[in-house]
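With the sequences and hints as input, model every part of the structure.
These protein sequences, in sequence, are chains A and B.
Per our numbering, the first sequence runs over residues 1 to 336.
Per our numbering, the second sequence runs over residues 1 to 277.
Quick caveat, the hints were computed from the structure, so don't treat them as lab data.
Careful, some of the hints might be misleading.
Using 25 Å as the maximum straight-line C-alpha spacing, the simulated SDA-like pairs for lysine to any residue come out as follows [what the hints assert, rightly or not]:
{"no.": "1", "chain 1": "A", "residue 1": "328", "chain 2": "B", "residue 2": "221"}
{"no.": "2", "chain 1": "A", "residue 1": "74", "chain 2": "B", "residue 2": "4"}
{"no.": "3", "chain 1": "B", "residue 1": "104", "chain 2": "B", "residue 2": "4"}
{"no.": "4", "chain 1": "A", "residue 1": "58", "chain 2": "A", "residue 2": "40"}
{"no.": "5", "chain 1": "B", "residue 1": "260", "chain 2": "A", "residue 2": "268"}
{"no.": "6", "chain 1": "B", "residue 1": "23", "chain 2": "A", "residue 2": "237"}
{"no.": "7", "chain 1": "A", "residue 1": "244", "chain 2": "B", "residue 2": "88"}
{"no.": "8", "chain 1": "B", "residue 1": "260", "chain 2": "A", "residue 2": "191"}
{"no.": "9", "chain 1": "A", "residue 1": "244", "chain 2": "B", "residue 2": "84"}
{"no.": "10", "chain 1": "A", "residue 1": "222", "chain 2": "A", "residue 2": "98"}
{"no.": "11", "chain 1": "A", "residue 1": "15", "chain 2": "A", "residue 2": "26"}
{"no.": "12", "chain 1": "B", "residue 1": "271", "chain 2": "A", "residue 2": "294"}
{"no.": "13", "chain 1": "B", "residue 1": "28", "chain 2": "A", "residue 2": "68"}
{"no.": "14", "chain 1": "B", "residue 1": "197", "chain 2": "B", "residue 2": "138"}
{"no.": "15", "chain 1": "A", "residue 1": "14", "chain 2": "A", "residue 2": "222"}
{"no.": "16", "chain 1": "B", "residue 1": "162", "chain 2": "B", "residue 2": "38"}
{"no.": "17", "chain 1": "B", "residue 1": "85", "chain 2": "A", "residue 2": "246"}
{"no.": "18", "chain 1": "A", "residue 1": "69", "chain 2": "B", "residue 2": "228"}
{"no.": "19", "chain 1": "B", "residue 1": "28", "chain 2": "B", "residue 2": "98"}
{"no.": "20", "chain 1": "B", "residue 1": "28", "chain 2": "B", "residue 2": "64"}
{"no.": "21", "chain 1": "A", "residue 1": "325", "chain 2": "B", "residue 2": "193"}
{"no.": "22", "chain 1": "B", "residue 1": "107", "chain 2": "B", "residue 2": "88"}
{"no.": "23", "chain 1": "A", "residue 1": "187", "chain 2": "A", "residue 2": "290"}
{"no.": "24", "chain 1": "A", "residue 1": "248", "chain 2": "A", "residue 2": "53"}
{"no.": "25", "chain 1": "A", "residue 1": "69", "chain 2": "B", "residue 2": "268"}
{"no.": "26", "chain 1": "A", "residue 1": "15", "chain 2": "A", "residue 2": "36"}
{"no.": "27", "chain 1": "B", "residue 1": "260", "chain 2": "A", "residue 2": "292"}
{"no.": "28", "chain 1": "A", "residue 1": "244", "chain 2": "B", "residue 2": "79"}
{"no.": "29", "chain 1": "B", "residue 1": "188", "chain 2": "B", "residue 2": "176"}
{"no.": "30", "chain 1": "B", "residue 1": "80", "chain 2": "A", "residue 2": "246"}
{"no.": "31", "chain 1": "A", "residue 1": "108", "chain 2": "A", "residue 2": "255"}
{"no.": "32", "chain 1": "A", "residue 1": "157", "chain 2": "A", "residue 2": "12"}
{"no.": "33", "chain 1": "B", "residue 1": "260", "chain 2": "A", "residue 2": "244"}
{"no.": "34", "chain 1": "A", "residue 1": "74", "chain 2": "B", "residue 2": "199"}
{"no.": "35", "chain 1": "B", "residue 1": "108", "chain 2": "B", "residue 2": "221"}
{"no.": "36", "chain 1": "B", "residue 1": "188", "chain 2": "B", "residue 2": "199"}
{"no.": "37", "chain 1": "B", "residue 1": "260", "chain 2": "A", "residue 2": "293"}
DEER-style ranges, computed between Cβ atoms [to be verified]:
{"no.": "38", "chain 1": "A", "residue 1": "220", "chain 2": "B", "residue 2": "216", "range": "49 to 57 Å"}
{"no.": "39", "chain 1": "A", "residue 1": "260", "chain 2": "B", "residue 2": "272", "range": "22 to 30 Å"}
{"no.": "40", "chain 1": "B", "residue 1": "216", "chain 2": "A", "residue 2": "79", "range": "51 to 59 Å"}
This structure is a prediction, so every number in the text was calculated from the model and none was measured.
Cβ atoms here follow ideal geometry from the backbone N, Cα and C, with glycine treated the same way.
The lines below spell out each chain.
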Amino acid sequence: MTRQQLKKFFVYLKKKYRVYAPVRDGNELYVDEVHELEEVDFSPQIPINTYKHVLVPKRDELFTFRRGKLAERKEPYAPECGFLMSVMDLKAVGLFHQVFERDPYYQKKRQSNLLVGHAFFEGSGFSGHLRERYEEDILEHVIFDILLVKSGKNEWKVFTGSERGQETLDAFGFTAYEHIEFAGLIKEEGIDPDLERHRKQIVEASQDAWLHWGEICMACGKCAIDCPTCYCFNIADEHATKEKGSGKRVRSWTTCFYNDFSEIGGGEKFLKTNAQRIQNWYAHKWVRTPREFQIMGCVNCGRCDRVCPVGIKRADVFKWMDEHKDPKYSKKKILV
Amino acid sequence: MLNPYQTQEAKITGTEQQTPNVKSFRFKLKSGGALVYNPGQFFVFSLPGFGESVFVPAESLTEKNTYDIAVMNVGRVTGKFHELKAGDTFGVRGPYGNGFDLKKFEKKNILLIAGGLGLVPLRSLLHYLINRNLLDTEHRQVQLLYGCRDLGAILFKSEMKKLGKMFTITMSMDQGTDTTIGPISCYKGVITVLFKKADVVKNGVAVLCGPPIMFKFVVPEVQNVGYSDESIYLSLERRMHCAGLGTCQHCAIGPYYVCKDGPVFTYAQLKDTVQYK
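This is how it looks when you write it as structure tokens:
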């Protein structure tokens, strides 16, 4: 697909979708709503924020209520398009699909949106967003509708990963695409060996090791808000101002770093300290998610490293955990 | 696709003020059907306009398809619950969580240890076993150790007196003096005092439910009387929003979700997991 064709395709998409794409603001890119292709930044840089609101809205109305009765949401979701999503962001979509498999709101939202990925192709291998360790078969293991792979200065090779992607391109009038059949999130060679290594680093670290990071961490939650695989949420009832006894049951984003996140009736909290909160965040990504889905809860996009106001970086945390193991873990013993 | 957040309607058939801040609500489903669950599982109760809260219902010992929950007034939802009366309705969804693996309880002595409102899930288990003639106190020992603040904080007092004739109930009270309530011996002190005062049932399964501080001090006592980590069961309470789907992350502890992998865990599962206390 040439730049000229892409421009027309963008105009075509805009007729149906609200389009979100990377936009340059100073030295950084941010995912924002765009109206013209010229606004979009095509560089391999990862935007600071994510596309996850296209999948799970920041604030989602689940039910309305009136005089004590709940009624299911009937309004359809506005069609939204994530445009130029990196392969890492698409890998995060794979995790969301697993986590929200039984969630009807997520499923409806997914039905209404279109995910257009962006990758870079150089010679026989991928680089840029895909990094050197990704091979062409990665495309079978990520979820997308359409994927644009840079193949020249103003040229893209086009892949489809869903029927919706095919239908969209067919309807637009572009048929020179290749279809990739999704083969599941886990590659043929099996579970990522880094997964077990990181899991062990987390569960075998001493409690004191987390105190160190708890003293540095401000529990601001920036890492979680800008993480494409974080999806903590609250559900709460909000009253309408006009009619007494009516309102909405709303699901909204939160983070596990917030002070009241683990608070139960009566005031007891289970994540009392910043050390406990940062430990819980790491446990989610590298212990709970692998336990549940056999994949890591981190797609290595590096956003958390970049946005942390106190400079906490995953690599430093893992190194520290390696150096501060709980003495009870010998080389042979592995904690569940 | 079924909406897991959708509730079915239940109607309150009676209320009882258990203590100054705990009220129980007897209810039936409006459909007239039964709540199907394993004891130890929980349900999410909904008051549109106020929100949702997690409770463990107990089957009635006398009325079919009738249940009750005990609600402590500690927040927005529970505060509104306390205003409800017979005839009012609320929503209910569930069951969620694993519940007790009753096969592992078969033909074994049962030691139940409850602190405060922690009595509720254990009472749900007792009712379930009694209604199905599975308590079987002729062939095994069943004992309830129940700790509460004072005489006025005892939940389901008259029922406890009746149950105390079926099996041993021994109580501790933080305030007051040693006394008896019908067949129940009460000792002054925190719940660990009962390991000195009572002849604690051994060689079986121990089931604990109460505030986190109770686990910290009671688990070593239970271990001391010979229970293995695999035979000590803890029913945990956590904040939940999705409640049962393992999604919202509020109830996570280490590798587990209390709403999905629990709320019942063996101590063997939890002992190396931080944040369970």
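Outcome of the hint check:
Our distance criterion of 25 Å between C-alpha atoms is met by residue 328 of chain A and residue 221 of chain B, whose separation comes to about 23 Å. Taking the CA atoms of residue 74 of chain A and residue 4 of chain B, the gap is about 16 Å. The hint holds against a cut of 25 Å. A hinted pair counts as satisfied when its Cα atoms are at most 25 Å apart, and residue 104 of chain B with residue 4 of chain B does not qualify at roughly 30 Å. Between residue 58 of chain A and residue 40 of chain A the alpha-carbon distance is near 23 Å, which keeps this suggested pair within the 25 Å criterion.
Restraint check: the Cα-Cα separation between residue 260 of chain B and residue 268 of chain A comes to about 21 Å, which is no more than 25 Å; the hinted pair holds. Distance check on the hinted pair: residue 23 of chain B and residue 237 of chain A sit about 23 Å apart at the alpha-carbon level, within 25 Å; holds. A hinted pair counts as satisfied when its Cα atoms are at most 25 Å apart, and residue 244 of chain A with residue 88 of chain B qualifies at roughly 18 Å. For the hint linking residue 260 of chain B to residue 191 of chain A, the alpha-carbon distance of about 24 Å falls within 25 Å, and the restraint holds.
The suggested pairing of residue 244 of chain A with residue 84 of chain B holds, with an alpha-carbon distance near 18 Å, which does not exceed 25 Å. In summary, the hint linking residue 222 of chain A to residue 98 of chain A is supported, as the alpha carbons are separated by about 24 Å, within the 25 Å threshold. Of the supplied pair hints, the one linking residue 15 of chain A and residue 26 of chain A is violated, its CA atoms being roughly 29 Å apart against a limit of 25 Å. Proximity of residue 271 of chain B to residue 294 of chain A is assessed by CA-CA distance (about 24 Å); at most 25 Å being required, the pair is judged to hold.
As the CA atoms of residue 28 of chain B and residue 68 of chain A are separated by approximately 17 Å, the hinted pair is consistent with the 25 Å bound. For the given pair, residue 197 of chain B sits about 24 Å from residue 138 of chain B by alpha-carbon distance, which is consistent with the 25 Å threshold. Simply put, residue 14 of chain A and residue 222 of chain A have alpha-carbon atoms about 31 Å apart, too far for the 25 Å limit, and the pair is violated. Pair hint residue 162 of chain B plus residue 38 of chain B holds up; C-alpha atoms about 24 Å apart against a cutoff of 25 Å.
Restraint check for residue 85 of chain B and residue 246 of chain A: the C-alpha separation of about 21 Å stays at or below 25 Å, so the hint holds. Between the alpha carbons of residue 69 of chain A and residue 228 of chain B the distance comes to roughly 48 Å, so the proposed pair goes past 25 Å and is violated. About 23 Å separates the Cα atoms of residue 28 of chain B and residue 98 of chain B, which keeps this hinted pair within 25 Å; it holds. About 9 Å separates the Cα atoms of residue 28 of chain B and residue 64 of chain B, which keeps this hinted pair within 25 Å; it holds.
A hinted pair counts as satisfied when its Cα atoms are at most 25 Å apart, and residue 325 of chain A with residue 193 of chain B does not qualify at roughly 37 Å. A distance of roughly 42 Å separates the Cα atoms of residue 107 of chain B and residue 88 of chain B; the hinted pair therefore is violated under the 25 Å criterion. With a CA separation close to 14 Å, the supplied pair residue 187 of chain A and residue 290 of chain A stays within the 25 Å bound. Between the alpha carbons of residue 248 of chain A and residue 53 of chain A the distance comes to roughly 19 Å, so the proposed pair stays at or under 25 Å and holds.
For the hint pairing residue 69 of chain A with residue 268 of chain B, the CA-to-CA distance comes to about 43 Å; that exceeds 25 Å, so the pair is violated. Restraint check: the Cα-Cα separation between residue 15 of chain A and residue 36 of chain A comes to about 12 Å, which is no more than 25 Å; the hinted pair holds. Of the supplied pair hints, the one linking residue 260 of chain B and residue 292 of chain A holds, its CA atoms being roughly 11 Å apart against a limit of 25 Å. Using a Cα cut-off of 25 Å, the hinted pair residue 244 of chain A and residue 79 of chain B holds, with the two alpha carbons roughly 18 Å apart.
As the CA atoms of residue 188 of chain B and residue 176 of chain B are separated by approximately 6 Å, the hinted pair is consistent with the 25 Å bound. For the hint linking residue 80 of chain B to residue 246 of chain A, the alpha-carbon distance of about 16 Å falls within 25 Å, and the restraint holds. Annotation: proposed proximity of residue 108 of chain A to residue 255 of chain A holds, straight-line Cα distance about 24 Å (limit 25 Å). Taken as a hint, the residue 157 of chain A and residue 12 of chain A pair is honoured in the structure, with Cα atoms around 18 Å apart against an allowance of 25 Å.
The straight-line distance between the Cα atoms of residue 260 of chain B and residue 244 of chain A is roughly 36 Å, outside the 25 Å bound, and the hint therefore fails. Distance restraint check for residue 74 of chain A and residue 199 of chain B: the Cα-Cα separation of roughly 60 Å exceeds the 25 Å cut-off, and the hinted pair is therefore not satisfied. This hinted pair checks out: residue 108 of chain B and residue 221 of chain B have alpha carbons roughly 19 Å apart, not beyond 25 Å. For the given pair, residue 188 of chain B sits about 16 Å from residue 199 of chain B by alpha-carbon distance, which is consistent with the 25 Å threshold.
For the hint pairing residue 260 of chain B with residue 293 of chain A, the CA-to-CA distance comes to about 14 Å; that is within 25 Å, so the pair holds. Distance hint for residue 220 of chain A and residue 216 of chain B: a CB-CB separation of about 31 Å, inconsistent with the stated range 49 to 57 Å. At roughly 27 Å, the beta carbons of residue 260 of chain A and residue 272 of chain B sit within the given window of 22 to 30 Å. Under the hint 51 to 59 Å, the C-beta atoms of residue 216 of chain B and residue 79 of chain A, about 53 Å apart, fit the expected range.
Consistency note: the structure conflicts with the earlier hints numbered 3, 11, 15, 18, 21, 22, 25, 33, 34 and 38.
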